[in-house]
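Let's have the full structure, built from the sequences with the hints guiding it.
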Amino acid sequence: MSGRTPSQTVGPFLHVGLAPAPFGFREIFSPTVADAGVAGTHIRIEGRVFDGEGTPLPDAMLEIWQADSEGRYTHPADGRPLASNSFRGFGRCPTAKDGGYQFATVIPGTVAGPDGKTQAPHINVGLFSRGILKRLFTRIYFADNPANATDPVLALVPAGRRDTLMAKPDPAKPGVYRFDIHIQGDNETVFFDA
Amino acid sequence: MVKPCEAEPGHMDLKTKHQDEAHMKDTYSRAGDAADPPYLSPDYVGTRIRSPKQPLIIIPQTLSEITGPVYGHSDAKPEEADLTKQHAGEPLGERIIVKGRVLDEAGRAVPNTLLEIWQCNAAGRYIHEVDQHPAPLDPNFTGAGRVVTDAEGRYEYTTIKPGAYPWRNHNNAWRPAHIHLSLFGPSFLTRLVTQMYFPGDPLFPFDPIFNSVTDAKARDRMICSFDMETTKPEWALGYIFDIVLRGPSETPPDLD
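Protein sequences appear in the order of chains A and B. The first sequence begins at -16 in my numbering and counts up by one. The second sequence begins at 215 in my numbering and counts up by one.
If you're looking for bench data, these hints aren't it; they were derived computationally from the structure. Quantities reported herein were computed from a predicted structural model and do not represent experimental measurements. The hints are all genuine.
Simulated pairs of lysine to aspartate or glutamate, DMTMM-like, Cα-Cα distance not exceeding 20 angstroms: (1) K299/B with E10/A; (2) K291/B with E10/A; (3) K100/A with D240/B; (4) K313/B with E443/B; (5) K267/B with D163/A; (6) K267/B with E36/A; (7) K267/B with D146/A; (8) K375/B with D345/B; (9) K80/A with E343/B.
Set out below in structure tokens:
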């Protein structure tokens, strides 16, 4: 076995390599995970990222990875054909000066889980920034989905902290879910290791 | 830019994994985590308020984790692997060729996977507006590149050697010269962002980011090697840097 190459922070200048359009280098990723032609319930996920002092992070980047509306991943380990060729299931969004981000996507379907159980619709999230030495991994669940009650991963989270994983419908904006991330502090988001 | 997945993970037979979810054995190793830095590394001041205080919650490796974004040949253009040819003129600095292989912990090649590359210029200045170091920008250098590994996991790119630069972590803090690298590998769990350093840098003992990796052998794995065979006469110095991603769990999944 060879030793792994250790993780290091993306640093404060991550945009040069990871969101390079402002520097005249071709962009290949975007916050649009599902364009209009993709089947499913189209939503936007909006939120902000905060540090342990409650200050928003203007220099973070989120990546999301999800199944399509039928719960299928665009990946050989899933192996099922997808309904739409334009859905890859991956999005990337740097945070803005106010710590804000947004993704345009569809609500994923349920996904197979351990012990024959079914996972509630969820989106895997990777968070990167200066001061983060290794990607932080969390999940977005949808607060109004009854399948959360039997989700085997949520079941591993202390009940009092599950709410930090719930995207909530924004009453003022139809089709928008809000999901803030608190890296540290009173309302600290649950982060995972898999 | 959006195309159906045309790559395969190549080195890991995951085709029917979703049918075996009931067994839920780990697909990827966990023990190698020891190589990675802790989230809280107090000498790197930024980690103090950007690290979770609660322990991570350990979860099974489900279909959501053993799948992941697959980015490969369709996503990078050959010319993006040469950072010295993106402008009308040539950048200042020491031209270098960096090549190596992307492997997993079992030593198997990771083919057709994207590397994203970024760095400062030879004077130690990033093109980024946040960088206020009073060193010159180079109009002929952006500092961004991409390359995809071939069927044997090999990659190669050309750039100029980045300079050291100051930062405000502590008094007289300087970053050793480094190139940032971002890789996907075959799953959500193989994602890696790291930094490649250069041999013999006198700043190593003073850099809290390099030293956030507490194991000396693991730190050495972030340092490239000078290589005379890669060096091209009358043209560029050559360096070798192999990158090792998370590999299979040592115990193969029990499929009975």
